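With the hints as your guide, set chain B with the ligand onto chain A.
These protein sequence lines map, in sequence, to chains A and B.
Our numbering applies: residue 1 is where the first sequence begins, and numbers increase by one.
Our numbering applies: residue 182 is where the second sequence begins, and numbers increase by one.
Because the hints were derived from the structure by calculation, they are not lab data.
Heads up, a few of these hints could be off.
Said to hold, decoys possible - Capping the alpha-carbon separation at 25 Å, the derived lysine-lysine pairs in DSS-like fashion look like this:
(1) A:59 <-> A:175
(2) B:316 <-> A:42
(3) B:225 <-> B:257
(4) A:118 <-> A:152
(5) A:72 <-> B:225
(6) A:178 <-> A:118
(7) B:214 <-> B:408
(8) A:72 <-> B:257
(9) B:299 <-> A:42
(10) B:316 <-> A:38
Quick caveat, the model's predicted, so the values are computed rather than measured.
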Amino acid sequence: MIDEGRPMMISPEAVLKTTTKIKLNDIQSGKVLSVHDKPNLKYAWDNGVAIGRYLAELKNGKIIGKRCNSCKRVLVPPRLFCELCWRPTDDWEYVQDTGTILTFVVSHVNWDASRVKKGQRYHTPAVIELDGAGKDQGILHLIDEIEPYDIKIGMRVKAVWKEPEERIGAITDIKYFKVIE
Amino acid sequence: MAQDIAIIGVGTTGFRATTPDLSYRELTYEAAKKAYLDAGVEPKEIGAFVATSEDFCEGYSIADEYAPDQLGAVLKPIYTVSGDFIHSMASGVMMLKSGLYDLVVVQGLSKASNMVTKPYLTDFALDPIYNRPLKELSDYIAGMEMNRYLYETGTTREQCAQVVVKNKRNAMTNPLAGHGCELNLDYVLDSPMVSYPLSELDISPYSDGAVVIVMATADTALALSDKPIWVRGIGWNSDTPGLETRDWGRAVYAEMAADMAYKMAGIRSPRSEIDFVEISDEFSYKELQHLEALRLCSPGEAGYLTVEGATELTGDLPVNPSGGCLGVGCLLECTGGQKVLDVVLQLRGEAGKNQLQDVTTGLAMSWRGLPTTTGAVAILSN
Ligand SMILES: [Zn+2]
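Same shape as in the complex, but just chain A (with noise of 0.2 Å):
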């Protein structure tokens, strides 16, 4: 329907020409030819030295980082190099498993864009700023074990992390974080 209260920018009539009448069960009944393909594309990235590192840690339970003595931040993920300075990055230190929440989302709608059913939880990915790690920086995360609606940005979070028989050196060897005050 045209809402007559909004500028338009085509007529109504122009609208109508232009709008096809083909329904979806046209094309899938063949009445409209159309070819399908899927394509077969398969990758397998190479982490590195940083990356390969930083997913070992994970697997121990650790979130570990790599110094730039120039800007001090510890960046995490870890990096040969820091991106600001321009230059190799120095130590590797562990970071906490604490932070805070940078910024938040409370997503009403699934990875695969279908909306999230009722009686189920909101999506609550976050940014969390990780204690030992630099400022106004941090991990894309899940936050989880709260009300969506009750999280704030500023709030103190932990990580829950997979039983160490469970984790496999990924990111998802931390189940989410939670709130702790």
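Here is chain B with the ligand on its own, set in the frame of chain A:
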């Protein structure tokens, strides 16, 4: 009068079949660090950056957004060209010639080893409605082109095989190359058939690696470098992509790209003015077809020149002294980067055991690989 442009710094990781120890970011960082050191510049002094990538090759969408960090280009003017390294270089040349910047950096990278389903990726480049449903391994396109090229020019499979022997041998003495070996002609000819007349050893293997170059306007180049390599000409061209309508025998895109570069460089007689070339040999016959397209010999002559040894390191027209794609490995979008790099090293006298004597002008040429009909050419002088 437009500005003269020079390459004042080059850096590379070298090229290997796999690089499990380094991420793509770390590969580019290494090449960039070396290039800036070579040029004597800091990233903060550089006006703009041009990266080269193809999302499906990287396995990221919008992969260009990941380009700044490892180049020192955070919060700097940067964009990505989805083509070959020489296309990116052409973009940089235009920025410099227009007076927009004095220093421009160009980057290229291959992480081919991370593509698990490479043949399907080439297949995915074909028209989905009327080509792809036929479901043939895409190397057949090279086979059909080779067949037509041999038919039109009288070139033989033996002459093509000689290209493989030469390039893989050249790679043996190039420490940057990852696929060098000593082969004899019969071994190449007897290698398993893929799409007749194309056999397994006619096809370049893939390599990983990164190339970064620093280009500058004339005044800046002369102030910073005692060995600037001048970009005298650059050209690029694309034929129709259709398998139905393209020219199967000739590499017309290469002829046109070369004409554009020759004109800019003021070259009228390529054979007498160009000392050596680094050109796309992703398939053995491509080296011969491209040599003819570049007007360095007449149609049908390239095979004879190869068998006579004229294109060897010791010949009068060395072709792919680095080992080419056959010996170095095909580098996807960075293929032209390796070509430019090796022309620069030759012109500086830094090509080690493969160094040619008394060379002043070299040509680098890339082709974007299957199933494309796109090429780019750069002409460099010391
Ligand atoms: Zn820093």
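Now for the hints, and whether the structure bears them out:
At roughly 12 Å between alpha-carbon atoms, residue 59 (chain A) and residue 175 (chain A) fall within 25 Å of each other, so this suggested pair holds. For the proposed pair residue 316 (chain B) and residue 42 (chain A), the alpha carbon gap of about 18 Å is at most 25 Å, so the pair holds. Distance check on the hinted pair: residue 225 (chain B) and residue 257 (chain B) sit about 9 Å apart at the alpha-carbon level, within 25 Å; holds. With a C-alpha separation of about 23 Å, the suggested pair residue 118 (chain A) and residue 152 (chain A) falls inside the 25 Å cut-off, and the hint holds.
As the CA atoms of residue 72 (chain A) and residue 225 (chain B) are separated by approximately 19 Å, the hinted pair is consistent with the 25 Å bound. Simply put, residue 178 (chain A) and residue 118 (chain A) have alpha-carbon atoms about 23 Å apart, close enough for the 25 Å limit, and the pair holds. Straight-line distance between C-alpha atoms of residue 214 (chain B) and residue 408 (chain B) comes to about 19 Å, which keeps the hinted pair within the 25 Å bound. For the hint pairing residue 72 (chain A) with residue 257 (chain B), the CA-to-CA distance comes to about 22 Å; that is within 25 Å, so the pair holds.
For a cut-off of 25 Å, the pair hint linking residue 299 (chain B) to residue 42 (chain A) stands: about 8 Å separates their Cα positions. Our distance criterion of 25 Å between C-alpha atoms is met by residue 316 (chain B) and residue 38 (chain A), whose separation comes to about 13 Å.
The structure is consistent with each of the numbered hints, conforming to all of them.
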